[in-house]
Each structure stands twice: as structure tokens, then as C-alpha cells.
Amino acid sequence: MAENQEPRVGVFICHCGTNIAGSLSVEEVKDYAMTLPGVIVADEYQYMCSTPGQNKIMDAIKEHNLNGIVVAACSPRLHEPTFRTATEEGGLNKFRFEMANIRDQNSWVHMHDWDGATAKAKDQVRIAVAKATLLEDLQPKSVPVEHAAMVVGAGVGGMQAALDLANAGIKTYLIEKDPTIGGRMSQLDKTFPTLDCSQCILTPKMVDAGRHPNIIMKTFTEVENVEGYIGNFEITLRKKARGTRDPSEMIAAGIEGSGCNGCGDCAEVCPVIKPNPFEMGMAPRKAIYIYHPQVMPLQYTIDFESCVKCGLCAEACGPEKNAIDLNMVDELEKVKVGCVILATGYDLIPIEEKNEWGYKRHENVITGLEFERLICASGPTGGHLIRPSDGATPMKVGFVLCAGSRDNTGGVAKPYCSRFCCMYSLKHAHQIMEKIPGAVPYIFYMDIRSFGKMYEEFYYRIQHEGAKFIRGRVAEILEDPDTKNLIVKTEDTLLGRPVNVECNMVVLAAAIQPKPDAEPIRQMFGISKSQDGWYLEAHPKLNPCGTTTAGIFLAGVCQGPKDIPDTVAQAEGAASAASIPIHQGEVQLEPYFAQCMEDLCAGCGMCVPQCPYGALSLIEKDGRQVMTVTEAKCKGCGTCGGFCPGGAIRMQHFTSQQIVAQIDAFLLNPLGGEE
Amino acid sequence: MSDGEWKPKIIAIICNWCSYAGADLAGGARIQYPPDVRAIRVMCTGRVDPLFILKAFQDGADGVLVSGCHFGDCHYLEGNYKCAKRMFLLKNVLKNIGLNDNRLRMTFVSASEGAKWGMVMEDVVKTVTELGPSPLAGKKN
Amino acid sequence: MSNNMEHSYAFFLGCIAPNRYPGCEASAIKTSAKLGIELLPLKGASCCPAPGAFGAVDLRVWYAMAARNICLAEEMGKDIALICNGCYKSIYEVNEKLKENDELRDGANEVLAEADMEFKGSIDVWHLIELYKDEKICGVDKVRDSVVRPLSGVKVAPHYGCHLLKPKTERHFGDTENPMWFEALIDALGCESVQYKNKMQCCGAGGGVRGYDILHSLDITNEKMINMSEVGADAITEFCPFCQLQFDRGQIEIQENFGQTYNIPVLHYNELLGLAQGMSPQDLALDLHAIDCNPFLEKIQ
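Chains as they are written, first to last, in the working numbering: chain B, 72 to 746; chain G, 2 to 142; chain L, 4 to 304.
Check before you lean on any hint, since a few could be wrong.
[Unchecked claim] Keeping only pairs whose Cα atoms sit at most 27 Å apart, straight-line, the calculated DSS-like set for lysine-lysine is:
no., chain 1, residue 1, chain 2, residue 2
1, G, Lys86, B, Lys704
2, G, Lys117, B, Lys612
3, B, Lys165, B, Lys704
4, B, Lys560, L, Lys169
5, B, Lys560, L, Lys171
6, G, Lys117, B, Lys600
7, B, Lys289, B, Lys310
8, B, Lys405, B, Lys311
9, B, Lys467, L, Lys202
10, B, Lys310, B, Lys380
11, L, Lys202, B, Lys560
12, B, Lys276, B, Lys242
13, B, Lys539, L, Lys200
14, G, Lys86, B, Lys600
15, B, Lys539, B, Lys560
16, L, Lys158, B, Lys431
17, L, Lys169, B, Lys431
18, B, Lys431, L, Lys200
19, B, Lys431, L, Lys171
20, L, Lys200, B, Lys467
21, L, Lys158, B, Lys555
22, L, Lys202, B, Lys431
23, B, Lys555, L, Lys200
24, L, Lys81, L, Lys102
25, L, Lys145, L, Lys37
26, B, Lys555, L, Lys202
27, B, Lys101, G, Lys117
28, L, Lys200, B, Lys560
[Claimed, not checked] Partner residues aside, some chain G positions facing chain B, computed with beta carbon under 7 Å:
no., residue
29, Met44
30, Val49
31, Tyr77
[Said to hold, decoys possible] Simulated restraints, written as ranges between beta carbons of each label pair:
no., chain 1, residue 1, chain 2, residue 2, range
32, L, Glu106, B, Glu295, 55 to 65 Å
33, L, Asn104, B, Lys345, 48 to 58 Å
34, B, Lys345, L, Pro25, 57 to 67 Å
35, G, Met120, B, Thr89, 21 to 31 Å
36, B, Ala546, L, Ser125, 37 to 47 Å
37, L, Arg152, B, Asp563, 46 to 56 Å
Please keep in mind that the hints were generated in silico from the structure rather than gathered at the bench.
Remember, it's a predicted structure, so these values are computed and weren't measured experimentally.
Where is the CB? At the ideal position from N, CA and C, for every residue including glycine.
If we strip away everything but chain B, and leave its shape as in the complex, we get (with noise of 0.2 Å):
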């Protein structure tokens, strides 16, 4: 279709069932569009997505030789990409489409004005065929998307990803900024239902990422810049100072000795002592350290704010290893790859802000995770569960759910379900029955939220085991100075009344909330949160794996709280999403960029900085200065074209003529288009 031809616009209106039809009279708006100038045909129709709501839009621009369609039904963030097709399909380019939003920004929010909604939408029409009469043909670019994948946060949701990119014969960073991989299933005991041990079904995964031929593992490093779009990421990474060298290191340096090897003579001769974060503060680890022994990869890493450079490791270690290098410093590396999965995972809330359930006040209050580390076999106590205050093994255990969580008095506490409480409380019931005959579990909450598969079940079996079920909130626990047993002050609201239950050990079942880095990482990325903090997914129902950037996707709880099995489902399917751009080779990009329009252009360079990405620069041309756009750079956001004092910037698809007409159609017309 030739530009700059008479406008004539096809002008569908969509009932969308009731949802618009319900609100507003279609008809009236219909009737309304064929009054407006440069509009040839209109009509209506039940639901113009279905295939006979897009036959229509493609025989009438065959039939009445339209350039430009406007549909008025729902969103352009739902079904553009429907409308455009089928003008396309139709014979048209397909920019050559605008949509007026009338259901979730008409009738869906004006459900009891039908005048008002209607006048409204007769003005959305006019301002939508204002734009169609001046759209013109544009072809979307296609940039090359680079044939590797980065997966931020290795624990069980960021290596499951990895694993699916690198199977599917996708190069893959894995990065972690921890010493290992493994995250916070390596810290569980059991996992609910089926009581697995955790490290047990872990570490085959975290030894195939590790040794994946397609997976670059890169631990004890973090994301420090990120540049780029989809296809085209530049990732700069912080590869932290480790302070010693594997073998493939050492090589790499040119530096003479077999390197690290997991041996942990340096550790032995350390004199420095801290607290092992692995183990939840619980256990000691020197200033060279490993997590655990099962850490991948098995090497030591210095922790350089602690150490004092003593030197006795490198004695230790020796000529023929030669691993330590006490004066390492970081190291930036750039890498480029063609899409993103973040799987940042975690944390705890502090929950000793919570004051009134007394932990760090009163030595035997605990958290879920450090319980965890207490009954594990390989944790700080070899498995015993025992009291804080005085090593002795608890008989009465009260566990507080929803602590922190479906909580709206605002400060630490979180108004959303965490979701995985309830489950692994019951774990630790059935743990503490199993492991200490006689000892009794009293679960203090408010539901039992059993969701998945074989989990009601789970919960009928703690039942019979003999738990005991106390439905209220815990409103305060206080210490007895003497035996340091807790005296939980809740009520039984199935009795309805108060009760005091004097417990040996109480354990926390904290709410979980992003780590503290996830936001400078997601500002990076340029991806946003949600309301309750965790990182925004696409869609919630018909997108969860995917954000609104193109080329990043999420896997598990950094997109909310979720358990093992909904982690391993989501991050399978971010890898999946991930993978298509990567192997079709390219993507399409929508071609909203801007262009310089150089007889107004005055080469005053004022626009140069206003571009986000840098994608403006001043040339010479015929002896002047001008203006020029980087299309690779350019993301259409207009921030130049709205500023450029001489109006010298043409922003396709929302140019300042396109803008100005919607402005003029709405105003320069009486509300709902009748005196």
C-alpha cells in the first residue's frame, strides 16, 4: 500500500460478549465512527478476536481497499499482536493498526454510567482513527540473538534452568555468588512429602551443572553491569577474589602448581574463626573455608574481610599445590548472550523485629531454617535437635506459623502467604516424633495450607502421628529465666479461649522476602517488582516465566514464594521460553525508533544526552553537523523526540503528528461528540 494516500479506515467494534456490550451501546459507537472523516467502513461484531471477528477486519480491507484499521475492544497489551497479524493477513502492513481500548479502560471501569461510557468510547474511536489516518508502513527489524543463555542464582531453580539451556545445546553462564551452587535446598534435611533428603537429590543435579560441557560455572561472582537488549545482552561480571586457584586457574594464570583440590589443609592451620552463614550462624568455619563438603566446586575460598593475611594457609598448602594467592584481587569480565533467567531465590525476614516472639531474646526460639540445620545429619549437632540454651533434647516443641507471613501491620511483616510454611512445619513435626520418642509437637496456626500433590495426605499422617493443632496466633512468648522453657501465650480459637503452652524449643516459621540484592539486580536487568516486592512476571496466568523485557525470565521464588516441585516447573519452563529466541537465531524487533529529520536538524547536539542508551550521536554531513540514529541502540522510547527543541525527531509510529491529532480529535470535539 502506498503512503500518503486518501485515509480509509476500517473502523470493528468489539461486544467482547458483555464485557462491553454490558456497559456501553456498541451500536451507538459504531454508527458514531462512520460520521468521523476518513472512516470508510464500520462495524460490529461479538468477538473480534475469533477467527470471524478477524475474517471481518481481513475482507473488508480487500473489500473496501482500506490503509488503516482501528478495532475498539480490550487492551492493546492483550491482542494487538492478534489485530496486526490479520492486517497483515488482510494485505496490509501491519503498523498500520491502532486499537481504542474500551473494555479495560472503558466499560470494565464505568460499569454503571452508560451514557458516560459511551460518550467515552465514541471519543476513544475518534482519537484512535485520528492516529490510523496518519499511520504509515514500517518493517519490524530483526537483530541476530547470540547463542548463549545466562542463569543468575544457582540453587535448585537456577540449575534446573541451566541444565535444560545446556541440554537443548545452549552455551550457559551459570553464575552464583556464593562459593557453591546448590542454594537453599542444600541447607534442608528432608523434603516434603516424600521425606527425600534433600542434598541426597541435589547433588546429582549440582554435579551434572558442573561438569556440563555447555555450562560455564562461574561461583563466587556477581552481575555488575548488564548492557543490551534481547539477543544482545552485555554482561559485565564481578568474578569476586577468591583468594586461591583451581587447576584450569592455574593454567590460565601461567602460574606453576596443581592448584586447589578441595584438600582444606589451609583450614586446619587458620587461625581465624567466624560463623558458617551454611549453617545458619550455628557452626564455626575459618577465614579460608568451604560451605560444606558436598560444595561445588570443591575449593576454598579466602573471606578477605576477616582474614589477616597470616599467611600460614599458603604455608600450608604448599610449593606443589600452590593454590593460595593471598593478594588476588576482583576481576571484570564481559560476556555476551542472547537471553537471561534470574533465580535469585531467598531470604528470611528478621524476624527478631518481630519482638514479641522473643528471638535472639530467647536462646531456644529458632527459625524453620536453623531447625533444619539442627536435625540434619551433617549439620552443627550431627542431627541431635537440642536446646540452644543448654544441649538438653526438647520433649514439648511449639512451632509458630504465619510468622511474619498473612501479616498487615506493616514493618517487617508481609501481607502475603509464604506458602511453604505450613508443609515443612509438618516436617518437622513428623522429624521430631521419628527422631525423639515421646516428644510432642505443638503447632500454633491459623490454616493448614496442604495445596499439592500428596500433601493432604502428609498432613492426615502428622496428624495421626500424634502433632498437636492449636489454631490461633501466638501473641507473645516469654522465657522462664530459670529452665529457659517458652511460655507460648496464644489462644485455641476452636475452644475459644486463651492458652498458655509451656514448649522447650519453639521454632519460627518466618516469612520469606527477597534478598537485599535482588533490587539493584533487577534494576540492572530492567525488569520490575510487583507490590508485594518479589520480581514481576509477564502474565500471572498466560506468562509466569516471562517478564514484560524482553529476553529475561524468572525462575522460582524470586517470582514469589513456591515450593521445590513449582520451582523445578517454573524454571523448566524459563529455559524453554529462553530457548527459542536463542535457537530461531533472531528476533524481531518493533521498529519504534527514532529517526532524524535533517533539513531541521541544527546539529546542537542537545539530544545526545537524553538518550538512555546511547544511541544518538552527531555527524558530519555536507559540511554541517547532524544528527544520527544507532538503530541497534535505539528502543523507540521518545525521550529524544519529546525534547528536541526544533521538533528536528520523528518517533515512528508516535510521531509528534500522530500525538497532536489524538490530542485535536479528542478536544477540539465536544465530549462524546454530540453539542
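Got chain B; can you put chains G and L on it based on the hints?
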């Protein structure tokens, strides 16, 4: 629509990634608000040329709303900051030409803030209604 | 009248202190003077009014009576200082609420108009203990320096009471679960403050409970007495005469009704401060206490 009672003409220019999505979310949640605002979609509030706003007032708009992402969350990194700077400047211009600068408003509504969008709509309509018709309404150039 | 000390306040007395424990009033004035805080008489003040008793029956009366007391201080041009948690709840809360809420203020002023008074919201309200605690006005060190007779060798159990710190969202005292600032003030006198189980629990008197169902209130007091005696407290201290009444007379009532005896004397912080600053038990009217204070006084080294 010809019941004689004056209704304000309010135009909104909203960004695709945050405010437009937030407005859609309000729709999904069936949050109800007055119908006096018509929205124009742009990719980023950075696109908003001050001349658009002045043209809108010249055309007789009683109120203009620009809504984008929260600072730090702009899909294109900085467009909302640049727009905010222009809005501050524009408010001074409006004061100088005798228009009440409360007729121009910039808000920040994220894609997950449907309820907030509803409140913004209520508030903008209320503010503009209380200010009454723009002194430029009904004048042709 | 005024000594023109840097920190000068209108002293709201309340009811229980002047009527039952006049030593609290005397010591407050004298000890504060030594700490650079001037307490001036607030003439014509009435009951605060008692928040539990009045607030439970008619809020409009509560607002109007409290506002009247505030007006008296506004006319003096002085902030109010007081020594009772209950009075604090009435006078501080009503002051804040009437400053913020036009409707409540207009309602109170309608009543006050009949007495030719008007609430203007021009002053602030302070508990004397927070003035002692505030580094800008006094501070723990200054309290310690004013001690001439350290009260060493005795264990004193702190009781914070309820209305000064709570409700947390309407107060500015920080942690309500395990604050330690009162202990710091007690230790500054030379005593040893002791921790006991559930120290933040209510004394049982407030909210109209002592008036309406005394046995129930004593049940609550008894729990506190058990916990305090378990850690060997030689005395209880608080900064609320109503808590003081509940613990002091309450121990007699507990003995009569439940048959339990504790004999732990109860002193308001100002009484303890007075002793530490050298005031005599007579000046502090300690002989008016229900529970004999002599064993405590004799134990002080």
C-alpha cells in the same frame, strides 16, 4: 449527553509499560472511577513534548494528566525523570500565562498498582472539576 | 513564681498522687528542680479524666474534660508535665487528637465555650519520666550525678505500665516488648534493676477493670507479684500512681481475698529519686503507703 451540566475534558498521556498496564489492571479488577479522562498511549513519558501539553490546553483541555513509571523503574531507564523535569518547567509556564497549574498533573503508577490508578482517576477528576472549566475552553485559537 | 529555669512546665497532678501518695507530688517538684526542670502549679485542674472509667462511658466527656485541663496550660503558655500513665493517656492523646481532627476539636470547643474556654492546640504534653530520659533536657547521666545517697544493695523490679508506651502506633517510645530505658534510670540511682517474667504485663487496674471487677484485676496483679517475688525484688517501682495503688493497696486486697502475702513495697520513680537525692522518708510521706517501706529502707546500704 446534552443534560446541560458541565463535564470536564481531561486528557491523559500514559506510558505503555507502567501506567497503561496499571490502568488495565484496574480494569481487570473492575475498580470503578469517573469516565471523564481519555488516555493516549505512548511508550514512555519521556516522549511527552511540552508542546503536546500546551496544545492540549490551547485546544481547551480542562486538565492534563501525565502518568509514568516510578523513579528507578522506567522501562527505558530515565525517561520518567526527563519528563518530570519538563513537567516542573511547564507548571511554571502555566502559572505565568494565568492557568492554575493544578490543571497539569504528573503521577507515577506501576503495572501492579491498579487500585492506585483508580484513586488517581478519582482525584484528578475531583481536582479539575473543582477548578471549573479552563479559561481557554471554547475559544478557537 | 517562676524561677525561669530553662525547662519550665505546667505540672498536672492528677488525682491519685495528691490524694493518696502526696510524696509523689512533693518529690516530683523537688527532684525535678535539682535536675533543672521547673514544675509550676496548674491551677484549677480537674481529674484528667480517668481514661478507662470515663472513656468507656462517654468519649465526648473525656475529650471535653481533658481539653479543659489542656486549656489551663495553654493560658499559662506552658507545656504540661505529668507523673501518671493514665493522665498521660488522657491528656497527651486528647491533645494530639484534637490538634489533628477538626470534628473532634469543634465538638470539644462547643462544650468549652460554655466555660469561655477554647482549645487552641498550642502546647505539648510530656511525662516527667520522658523528660528525665531525654538527653536534651536531662538524661541518665544528669540523674546519676544528682544522687547524693546511692540506693545500693537493693533489687528493684521495674514496671512500665501500659499507657505511656502503647498503643505503639500512637506513641514515640520505640520497643514495647522489651524496653530497657527505665532500668537505666533505676540503675542510675544506685539500685540493681531486675528482670522478671512478663515484665510488660499490665498491673490490672486500668481500663475501668479495678472499678468494675476488682477480683479480676487482682488476679492480674497477683501474676505480676508472683513473677517479681520469684526474682527476689526488694521493691517495685513505676511511674504511674494508679499502678502504684494497684500494687500497694492491691497486696492488702490480695492477702484478704487470696491469702497470699508478698510485702514488697511499691515506690513511684520520683519517690525513689527523692530518696536518692537525700529527701527523708517523712518528706516523701512513705508512711502513707499500705505496704511498709521500712524493710526496703533498712536494706539500703
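Evaluated hints:
1. Taking the CA atoms of Lys86 (chain G) and Lys704 (chain B), the gap is near 24 Å; set against the 27 Å cutoff, the hint holds.
2. About 22 Å separates the Cα atoms of Lys117 (chain G) and Lys612 (chain B), which keeps this hinted pair within 27 Å; it holds.
3. Of the pairs offered as hints, the one joining Lys165 (chain B) and Lys704 (chain B) holds, with about 23 Å between alpha carbons and a cut-off of 27 Å not exceeded.
4. Pair hint Lys560 (chain B) plus Lys169 (chain L) holds up; C-alpha atoms about 19 Å apart against a cutoff of 27 Å.
5. Of the supplied pair hints, the one linking Lys560 (chain B) and Lys171 (chain L) holds, its CA atoms being roughly 20 Å apart against a limit of 27 Å.
6. For a cut-off of 27 Å, the pair hint linking Lys117 (chain G) to Lys600 (chain B) stands: about 16 Å separates their Cα positions.
7. For a cut-off of 27 Å, the pair hint linking Lys289 (chain B) to Lys310 (chain B) stands: about 8 Å separates their Cα positions.
8. With a C-alpha separation of about 14 Å, the suggested pair Lys405 (chain B) and Lys311 (chain B) falls inside the 27 Å cut-off, and the hint holds.
9. For the proposed pair Lys467 (chain B) and Lys202 (chain L), the alpha carbon gap of about 24 Å is at most 27 Å, so the pair holds.
10. A distance of roughly 21 Å separates the Cα atoms of Lys310 (chain B) and Lys380 (chain B); the hinted pair therefore holds under the 27 Å criterion.
11. Distance restraint check for Lys202 (chain L) and Lys560 (chain B): the Cα-Cα separation of roughly 14 Å lies within the 27 Å cut-off, and the hinted pair is therefore satisfied.
12. Taking the CA atoms of Lys276 (chain B) and Lys242 (chain B), the gap is about 17 Å. The hint holds against a cut of 27 Å.
13. A hinted pair counts as satisfied when its Cα atoms are at most 27 Å apart, and Lys539 (chain B) with Lys200 (chain L) qualifies at roughly 26 Å.
14. Straight-line distance between C-alpha atoms of Lys86 (chain G) and Lys600 (chain B) comes to about 25 Å, which keeps the hinted pair within the 27 Å bound.
15. Restraint check for Lys539 (chain B) and Lys560 (chain B): satisfied, since their Cα atoms lie roughly 16 Å apart, inside the 27 Å limit.
16. A threshold of 27 Å between alpha carbons decides the hint, and for Lys158 (chain L) with Lys431 (chain B) the separation of about 26 Å falls inside it, so the pair holds.
17. In summary, the hint linking Lys169 (chain L) to Lys431 (chain B) is supported, as the alpha carbons are separated by about 23 Å, within the 27 Å threshold.
18. Taking the CA atoms of Lys431 (chain B) and Lys200 (chain L), the gap is about 16 Å. The hint holds against a cut of 27 Å.
19. As the CA atoms of Lys431 (chain B) and Lys171 (chain L) are separated by approximately 21 Å, the hinted pair is consistent with the 27 Å bound.
20. For the hint pairing Lys200 (chain L) with Lys467 (chain B), the CA-to-CA distance comes to about 20 Å; that is within 27 Å, so the pair holds.
21. Between Lys158 (chain L) and Lys555 (chain B), the direct Cα distance comes to roughly 22 Å. Compliance with the 27 Å bound is thereby established for this hinted pair.
22. The hinted pair formed by Lys202 (chain L) and Lys431 (chain B) meets the criterion: a straight-line CA distance of about 18 Å does not exceed 27 Å.
23. Of the pairs offered as hints, the one joining Lys555 (chain B) and Lys200 (chain L) holds, with about 11 Å between alpha carbons and a cut-off of 27 Å not exceeded.
24. With a CA separation close to 16 Å, the supplied pair Lys81 (chain L) and Lys102 (chain L) stays within the 27 Å bound.
25. The hinted pair formed by Lys145 (chain L) and Lys37 (chain L) meets the criterion: a straight-line CA distance of about 10 Å does not exceed 27 Å.
26. Simply put, Lys555 (chain B) and Lys202 (chain L) have alpha-carbon atoms about 16 Å apart, close enough for the 27 Å limit, and the pair holds.
27. Taking the CA atoms of Lys101 (chain B) and Lys117 (chain G), the gap is near 32 Å; set against the 27 Å cutoff, the hint is violated.
28. Note on Lys200 (chain L) and Lys560 (chain B): the hinted pairing holds, with a Cα-Cα distance of about 13 Å set against a maximum of 27 Å.
29. Taken as an interface hint, Met44 (chain G) checks out: its beta carbon lies about 6 Å from the nearest beta carbon of chain B, inside 7 Å.
30. Hint status for Val49 (chain G) relative to chain B: holds, with the closest Cβ pair at about 5 Å, below 7 Å.
31. At about 4 Å, the closest approach between the beta carbon of Tyr77 (chain G) and any beta carbon in chain B falls short of 7 Å, and the interface hint on this residue holds.
32. Checked against the given bound of 55 to 65 Å, the beta carbons of Glu106 (chain L) and Glu295 (chain B), roughly 56 Å apart, stay inside it.
33. One distance hint, 48 to 58 Å for the beta-carbon pair Asn104 (chain L) and Lys345 (chain B), holds here, with the actual separation near 54 Å.
34. For the pair Lys345 (chain B) and Pro25 (chain L), the beta carbons lie near 59 Å from each other, so the given range of 57 to 67 Å is met.
35. Evaluation of the 21 to 31 Å hint for Met120 (chain G) and Thr89 (chain B) yields a pass: the beta carbon distance comes to about 27 Å.
36. At roughly 40 Å, the beta carbons of Ala546 (chain B) and Ser125 (chain L) sit within the given window of 37 to 47 Å.
37. Under the hint 46 to 56 Å, the C-beta atoms of Arg152 (chain L) and Asp563 (chain B), about 51 Å apart, fit the expected range.
Hint 27 alone, counting from the list given before, is not met by this structure.
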